Amino acid sequence: MDRMKQNLHQASKASYQDYFGKSISLFCASLVGMLVVAILYFVMTRGLATFTQNHISLRSFLLGQTWNPTQIGANGQPEVGALPMIVTSLAVTLLAALLATPFAVGVALFVTEIAPRRGGQLLQPMIELLVGIPSVVYGFIGLSALVPLMRHLFGGTGFGILTGTLVLFVMVLPTITSLASDSLRAVPLDYHSAALALGATRWQMLYKVVLRAALPGILTAVIFGMARAFGEALAVQMVIGNAVLMPKGWLTPTSTLTSQLTTGIGNTTLGTLPNNVLWSLALILLVMSLFFNSLVRFIGRRGRMQK
Amino acid sequence: MTAIMTSTDVHLAYGAKEALHGFDLSFKQHEISALIGPSGCGKSTYLRCLNRMNDLLPDVTITGTFKLGAQDIYAAKVDVVTLRQRVGMVFQQPNPFPFSVYENVAFGLNVVGHYAKADLDQRVETSLKQAAVWDEVKDHLTENARTFSGGQQQRICLARVLAAQPEVILLDEPTSALDPISSAKIEQTLLTLKANYSIIIVTHNLQQAARISDQTAFFLNGQLVENTPTQQIFIKPQQKTTSDYLNGKFG
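Read top to bottom, the protein sequences are chains V and X.
Note that UniProt numbering has the first sequence beginning at 1, numbered continuously upward.
Note that UniProt numbering has the second sequence beginning at 1, numbered continuously upward.
Honestly, the hints are just simulated from the structure, not real lab data.
Certain hints may be false.
[What the hints assert, rightly or not] Here are a few chain V residues that face chain X, going by a calculated C-beta distance under 10 Å:
(1) H192
(2) L198
(3) G271
[Said to hold, decoys possible] Calculated Cβ distances over 12 Å to all of chain X for the following chain V residues:
(4) L83
(5) M205
(6) P274
Nothing here was measured: the structure is a model prediction, and the numbers come from that model.
Just so you know, even glycine gets a beta-carbon here, dropped at the ideal spot from N, CA and C.
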C-alpha cells in the first residue's frame, strides 16, 4: 500500500544522479567549447590587427615576398610579405606527405595483412614509439646528422626544403601508418573471403578490394599526417635555415610559418606591428588546420555513405 | 548422371581436434545437393574443403581425396585461384564489396583477365538476369551494392559468382539471414540454375532442402550419417538418427 501513496512528482535518487552526471559532462563540454572560441577570438583579433590597425593590405601580406617588419619599405609601409613562408610550409608538407604515404601504406599492409602476427608484435610497437619521440629530438638528429649529410652530398649550407621534408617524412610516417593500419583493419573479413572465393589472388584481393575499401580511411590518415607536418615547428626550425626568403632550390635556407613564429615571437613587443604580423601568420596556420579538419570530416562522411 | 565432385575418406582437424571423421561423399552434375545437420556438425567445414577455403585458416589438416571431375583438387600443382573460379561460393552473410553493382559483378571477370567493355556489359547483364535481380537493379548499376536490401545483396553476390561461369556453386546457408520472400526468390533462382550448374547448398532449413534439392546428405558430429535422394530421406530415412533429427527430436 505504501507504494501507492508514493508521490510520482518527487524526484528519485536515481534521477537526481542522472541530472548530476548530465550537468558535469555538459560543464566539461562547454569548457572545451569556450576554450576553442577563446583561442579563435584571441588569434583572430591579434592576427587581424595587422590589417585593421597597421593598415597593411591583405594582398601585400599574402603575396609579398619581402619580410622586414621593422623597416619601412619603398611604398611607405613595413614590408611583411608572407608568401615565402606560405610556399615553404606548403612545400615541405606536401612533399613529406607524398614521400611518406607509399611507405606508410606499405608498412600498414604488411602489419595488417601480410604478416599480422610478426608485424603486430614487432613493427606496431616500433611505430608507436616513433610517434612518442619529442619533436626536438627529431630536429636535433636532423641538425646533427641530416644537415651535414646534405651539405656533403649537394653542397651549400645543407639547410632547406629537402632537409625539412626528410625530417617531416620521418615524423609523419608513424602517424599515417597507424591511422592507415586502423582503417585497413576495419575492412570486414567478409570482403577478403568473398574476393578469394571468386578466384582473386592475394595481391588482387589486397589491391582491388581491401585497399579500395579502406581508401577513405587512408586519405584521412594522409591528411592527419599533413596537418601534423604543417603545424610542426621545432624540428623544422632546426633544419630549415630560418631566412625568410623564397626557396630557390632544394637546399637554400628558408622559413616556414611555424619556424618564423617560434623564432620571432620572443623578440617582439606585444601590440606592435612586428608582433601583430606574427599573429597573422598564426591565423593562417589556424585557417589551414580548420581546412584540414573539414577535409577529414568531408571524406569521413563520404566514406560512411559508401559502407 | 556423372559425379562432378567426389570426396573419399575425408578427415579434417583444427589443430589436434578432429572435426570431420572420415566419410565418402559425391555430388552429381546438374543437381542440387543439400547438406543438413545441427549446428557444429561439420557441414560448412566440409563445404569449404570443396573450394579450399579452409586453406586460409591456420592449423587445419585435411586428408582424403577431393576431386573435381577426375582431377585431385588438393594435388601439389593445383592452382587454387583457377579452382575457385571453377567452384564458386556464396556465403551466409551477403558480402558484396562496397562498390557499384556493376563493379561487383564484373569483379570475378576482371580478376581473370581483360575483357572488352561490351563483353563485360553483356556478362554482367546475363549474370544479374540469371540471379533474378536484374529487374531490381538495372537502373541502379552504378549505385553502391551495399545500399540494397539483404535479399538483393545476396542475389548480387550470386550474380558475381555466376559471372565467372563456374561449374559448381557452393552455398553456405545463403538464405539464413534473409526474410522468407527473399529466400523464396533465391530458391527459385537456384532451381532454374540447376540446368547449367551443379549446386551444393548447406542449409539449416529442412523445408528448404525438401523443396529444392535432389539429394540430401545428413551430417552429425563430423560424420556423414546418410546421403539419400531427397524424396526418400524425408519420407523414409535409412537411419534412425536421421529420422529423429527430421522429426525434431534433437538439434
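Going through the hints against the structure:
Proximity of H192/V to chain X holds as hinted, the smallest CB-CB distance being about 8 Å (cut-off 10 Å). The beta carbon of L198/V comes within 4 Å of a beta carbon in chain X, closer than 10 Å, and the hint placing it at the interface holds. A distance limit of 10 Å between C-beta atoms decides the matter here; for G271/V the minimum to chain X is near 55 Å, and the interface restraint is violated. Distance check for L83/V against chain X: the nearest CB is about 42 Å away, which clears 12 Å, and the non-interface claim stands.
Its closest Cβ contact with chain X, about 9 Å, brings M205/V to no more than 12 Å, contrary to its assignment away from the interface. With a least CB separation of 53 Å from chain X, P274/V remains clear of the 12 Å interface cut-off, as annotated.
Against the hints set out earlier in the document, violations occur for numbers 3 and 5.
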